[in-house]
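Undergrad: So the chains spell out like this:
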Amino acid sequence: MSLSLNNLKEGEKGAVLSISNLENRIVKRLIEMGFVHGEKIEVIRRLNGLIIVGLRSFALAIDSMLASKIAIERAI
Amino acid sequence: MRKVILAGNPNTGKTTLFNTMTASNERASNWHGVTVDIKQKSYVFNNRQYLLFDIPGLYSLDYYSEEEKISSKFIEENQDAVVVCILDENNLRRNLYLALELMEKTNNLILAVNMSGEVKGFSYEKLEEVLGVKVVKIDARKKRTLKKLYEAIESQTITQKEQKKSNANNFSIEDFELKSRKNFQKIDNILLSANYKPKGYYGYCKADKFLLKGFLGFFVFALVMMAVFFITFGFIGASLSSLVGEALEFVVEKIMGALEGVISSRGFLAFMREGVFGSIITIMGFMPQIILLFLCLNFLEDIGYLSRVALMFDGLLKKFNLTGRSLFSLIMGFGCTTTALLTTRTLDNQSLKKRTAVLLPYMSCSAKLPIYAVICSAFFTKHKALMVFLLYMLGIFIMILIALIMKAFTVSEPTSFMMEMPKYRLPNLKKVFKNAWASATDFLLRVGGILLLSSIVVFVLYNFSFKLEYVGEIGGKSILETVAKGLKFIFVPLGFGSVGAVVAILSGLIAKEMVVSSLAIVNGVMASGLAESLIISGSPVHFSPLSAISFLVFILLYPTCISAFFSMKKETSLKVALLSAFLQFVVAYIVSGFIYWSGKLIIYKWWFSIVLLFIVALITIVVIKLSKRKKKVPIRLLNCAGRNCKECHGNNLV
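One line per chain: the protein sequences are H and W, in this order. Position one of the first sequence corresponds to residue 141 (my numbering), numbered consecutively onward. Position one of the second sequence corresponds to residue 76 (my numbering), numbered consecutively onward.
One or more of the hints may lead you astray.
[What the hints assert, rightly or not] Calculated cross-link-like contacts (lysine-lysine; reagent style DSS-like; alpha-carbon spacing at most 27 Å):
no.	chain 1	residue 1	chain 2	residue 2
1	H	K149	W	K272
2	H	K180	W	K274
3	W	K284	H	K153
4	H	K149	W	K281
5	W	K394	H	K149
6	H	K180	W	K201
7	H	K149	W	K393
8	H	K180	W	K257
9	W	K272	H	K180
10	H	K149	W	K288
11	W	K257	H	K153
12	H	K180	W	K195
13	H	K149	W	K498
14	W	K284	H	K180
15	W	K261	H	K180
16	W	K274	H	K149
17	H	K180	W	K281
18	H	K153	W	K498
19	W	K236	W	K257
20	H	K180	W	K254
21	W	K272	H	K153
22	W	K284	H	K149
23	H	K153	W	K261
24	H	K153	W	K274
25	W	K288	H	K180
[As the list claims (entries may be wrong)] Distance windows between CB atoms, simulated:
no.	chain 1	residue 1	chain 2	residue 2	range
26	W	N264	H	G151	25 to 33 Å
27	W	K700	H	E150	31 to 39 Å
28	W	K700	H	K149	32 to 40 Å
29	W	E151	H	G151	39 to 47 Å
30	H	E150	W	K703	25 to 33 Å
31	H	E150	W	V651	37 to 45 Å
32	H	E150	W	F290	16 to 24 Å
33	W	F508	H	K149	42 to 50 Å
34	H	S142	W	F246	22 to 30 Å
35	H	G151	W	M468	35 to 43 Å
Everything labelled a hint here was simulated from the structure, so no lab data went into it. We put the beta carbon where it would ideally sit given N, CA and C, even for glycine.
From just these sequences and the hints, can you work out the full model?
TA: Okay, here's the thing in structure tokens:
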């Protein structure tokens with residue numbers, strides 16, 4: 141079963157698999173931010189429909205629409 | 076002259092460095108992508124002149140958007156320039172990505188690491204060694220830390236890099252991902268060898284847990300906004316304002332006294348007193364308040380709170396088909412509509428940008444403040460602050476209604492939101508004041524230039540007849556009076572169909588700062604006497620409390636000014652700018668008419684107020700319902716065919 145970033149709870153960690161179903165322009169933005177295959181991520185906080193994601197040692201806020209397009213695997 | 080290009084990720088201190096290096100006052104901010112043009116300025120080091128370019132913040136050199144393209148091309152085409160890439164010490168793991176890309180484009184790269192001393196044990200010598208590029212430590216805010224950077228730029232040998240055929244703009248996203256993955260891995264290895272171990276996540280602060288969510292978050296926001304309002308319009312702003320006004324009037328009286336001794340022409344004296352000095356005093360008196368407003372906005376932005384607000388309200392704004400990012404532009408609209416319109420450039424979706432631009436003018440700009448202040452102090456002495464507050468709220472309410480109506484009748488993609496968390500930081504007070512000073516001088520220039528000139532024109536047109544005779548001496552009708560007479564019937568239904576009010580409204584189209592001075596010219600008084608003269612029914616312009624409200628509402632809503640129109644045209648298109656101006660006229664007319672006649676009815680029978688409240692509520696509910704109806708969402712095309720294909724209604728186009 142594939143998991144999206146949206147499925148992670150606060151404090152849970154994972155690794156990026158792929159990004160799908162988004163315009164190239166936005167995919168490019170996400171890649172530049174560090175959402176590439178294998179990158180480790182952590183959901184720092186969820187608030188009002190936004191997710192604050194920690195990756196590459198910085199915090200990025202993205203909305204759940206974007207988060208749902210980012211496939212991940214949960215870190216054990 | 077040696078060329079130097081400053082490149083870097085957004086929000087790394089690039090513009091701050093530019094300012095420190097050249098000792099200038101460009102606007103830098105704790106916000107994504109404020110630099111929207113390439114700025115240039117020269118500086119001198121060791122008797123040699125350098126030309127420094129500040130380009131918009133970039134994440135990578137491959138581009139989809141116009142802005143990125145401009146920056147990327149600029150670096151490619153200027154092979155004779157030294158490129159300085161600024162990196163944030165705390166965010167190297169991402170910032171270095173751009174540095175790696177720059178290394179492919181130019182041989183003349185210098186990395187400037189903006190240090191805050193928070194990352195312990197990091198060896199930048201090692202970084203220099205592994206990358207094979209000059210690395211210097213700086214603190215972008217302090218000039219004395221920049222010596223090494225100046226020297227590095229001076230001693231950099233310039234060589235041309237052979238350009239690989241650029242495939243930017245046409246690259247496949249898969250290739251891009253692969254390349255990025257490799258680069259990020261490379262960065263991790265490099266940083267590992269340089270013993271780089273930052274703590275936690277850059278930008279996230281524990282306090283965000285409370286400041287961003289739920290009741291406490293909104294409570295803090297409300298408190299902050301109230302504080303801003305109080306500082307600007309309350310005791311501090313008002314007393315500073317009257318102080319400046321009185322001081323200036325004192326000076327002018329002295330000058331006029333001297334002039335009266337020399338010149339006897341009444342026409343000329345009146346022209347000097349009311350046309351020239353009158354306008355200066357009226358506008359200058361409001362400068363303290365306008366500076367305070369900018370000070371507050373700059374301060375909130377600099378400590379990183381303003382972008383938190385955008386984050387907090389993203390969910391709410393999505394309901395109006397906007398995103399948190401448009402909120403920044405909207406808040407800037409309280410300062411100046413024209414400059415706020417320029418910030419919509421950083422929104423990455425064309426239709427979102429248009430929607431934000433059209434809604435922006437309803438945020439009451441600071442130039443309208445003097446008008447509210449004068450009229451409210453005449454009619455609503457006791458509830459002055461409340462009235463001004465209500466006007467601001469009305470603007471926001473109308474904006475939301477229009478946003479909902481637009482949402483109901485347009486088809487648009489769901490908007491996405493992505494934002495780096497800017498770091499909370501201690502305010503750089505020097506920068507905050509510098510920014511405020513810059514807006515103050517900008518304001519002065521505007522007053523000194525176009526406003527003074529047009530005040531004089533208004534004075535001449537209002538006081539001289541078609542035969543160019545001074546009507547104050549011989550009687551008869553002036554040029555403007557004749558024109559305004561022809562137009563005033565339009566405003567009779569709104570309750571302020573007097574020649575003077577029409578003159579004020581017409582001049583307000585040039586700039587809102589003109590309105591108060593026009594009123595003063597028409598009534599033939601100085602700034603301090605204006606409020607009083609507006610109550611007296613014998614004055615050329617006078618209002619009843621009700622028509623004063625209607626006039627204020629009209630001022631709040633009708634087209635902002637000429638420069639806002641042109642900046643809207645620049646950011647969107649002529650069509651959108653014209654439509655938006657037309658919409659503003661219509662909305663202003665309807666709303667102030669509605670308020671005027673509601674007032675009349677309520678005065679006639681009090682229970683009409685309940686009926687009218689009911690009507691307003693009904694309209695609001697209908698609009699909300701309309702905006703929620705299901706619409707056909709266009710098929711999202713994964714492989715956009717570009718401009719020739721209209722499937723996505725242009726939403727995918729850059």
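Undergrad: Evaluate each hint against the coordinates.
TA: Here is how each hint holds up against the structure:
Annotation: proposed proximity of H:K149 to W:K272 holds, straight-line Cα distance about 26 Å (limit 27 Å). The suggested pairing of H:K180 with W:K274 holds, with an alpha-carbon distance near 16 Å, which does not exceed 27 Å. Straight-line distance between C-alpha atoms of W:K284 and H:K153 comes to about 18 Å, which keeps the hinted pair within the 27 Å bound. Distance restraint check for H:K149 and W:K281: the Cα-Cα separation of roughly 18 Å lies within the 27 Å cut-off, and the hinted pair is therefore satisfied.
Only pairs whose Cα atoms come within 27 Å are accepted, and W:K394 paired with H:K149 is accepted, the gap being roughly 24 Å. Between the alpha carbons of H:K180 and W:K201 the distance comes to roughly 25 Å, so the proposed pair stays at or under 27 Å and holds. Proximity of H:K149 to W:K393 is assessed by CA-CA distance (about 23 Å); at most 27 Å being required, the pair is judged to hold. About 15 Å separates the Cα atoms of H:K180 and W:K257, which keeps this hinted pair within 27 Å; it holds.
Of the pairs offered as hints, the one joining W:K272 and H:K180 holds, with about 15 Å between alpha carbons and a cut-off of 27 Å not exceeded. For the hint linking H:K149 to W:K288, the alpha-carbon distance of about 16 Å falls within 27 Å, and the restraint holds. As the CA atoms of W:K257 and H:K153 are separated by approximately 22 Å, the hinted pair is consistent with the 27 Å bound. In summary, the hint linking H:K180 to W:K195 is supported, as the alpha carbons are separated by about 23 Å, within the 27 Å threshold.
For the proposed pair H:K149 and W:K498, the alpha carbon gap of about 24 Å is at most 27 Å, so the pair holds. Restraint check for W:K284 and H:K180: the C-alpha separation of about 22 Å stays at or below 27 Å, so the hint holds. For the proposed pair W:K261 and H:K180, the alpha carbon gap of about 15 Å is at most 27 Å, so the pair holds. This hinted pair checks out: W:K274 and H:K149 have alpha carbons roughly 22 Å apart, not beyond 27 Å.
Taking the CA atoms of H:K180 and W:K281, the gap is near 21 Å; set against the 27 Å cutoff, the hint holds. With a C-alpha separation of about 23 Å, the suggested pairing of H:K153 with W:K498 holds against the 27 Å cut-off. Only pairs whose Cα atoms come within 27 Å are accepted, and W:K236 paired with W:K257 is accepted, the gap being roughly 22 Å. For a cut-off of 27 Å, the pair hint linking H:K180 to W:K254 stands: about 18 Å separates their Cα positions.
Using a Cα cut-off of 27 Å, the hinted pair W:K272 and H:K153 holds, with the two alpha carbons roughly 19 Å apart. A distance of roughly 15 Å separates the Cα atoms of W:K284 and H:K149; the hinted pair therefore holds under the 27 Å criterion. Restraint check for H:K153 and W:K261: the C-alpha separation of about 23 Å stays at or below 27 Å, so the hint holds. A threshold of 27 Å between alpha carbons decides the hint, and for H:K153 with W:K274 the separation of about 17 Å falls inside it, so the pair holds.
Taking the CA atoms of W:K288 and H:K180, the gap is about 26 Å. The hint holds against a cut of 27 Å. In this structure the hint that W:N264 and H:G151 lie 25 to 33 Å apart at CB holds, the actual value being about 28 Å. Between W:K700 and H:E150, the C-beta spacing of about 35 Å keeps the proposed range 31 to 39 Å intact. Take W:K700 and H:K149: their Cβ atoms lie about 35 Å apart, and the range 32 to 40 Å holds.
Evaluation of the 39 to 47 Å hint for W:E151 and H:G151 yields a pass: the beta carbon distance comes to about 44 Å. A hinted range of 25 to 33 Å for the beta carbons of H:E150 and W:K703 is consistent with their spacing of about 30 Å. Between H:E150 and W:V651, the C-beta spacing of about 42 Å keeps the proposed range 37 to 45 Å intact. Judged by the Cβ atoms, the range 16 to 24 Å given for H:E150 and W:F290 holds: they are separated by roughly 19 Å.
Evaluation of the 42 to 50 Å hint for W:F508 and H:K149 yields a pass: the beta carbon distance comes to about 44 Å. The given range of 22 to 30 Å is respected by H:S142 and W:F246, whose C-beta atoms sit roughly 26 Å from each other. Between H:G151 and W:M468, the C-beta spacing of about 40 Å keeps the proposed range 35 to 43 Å intact.
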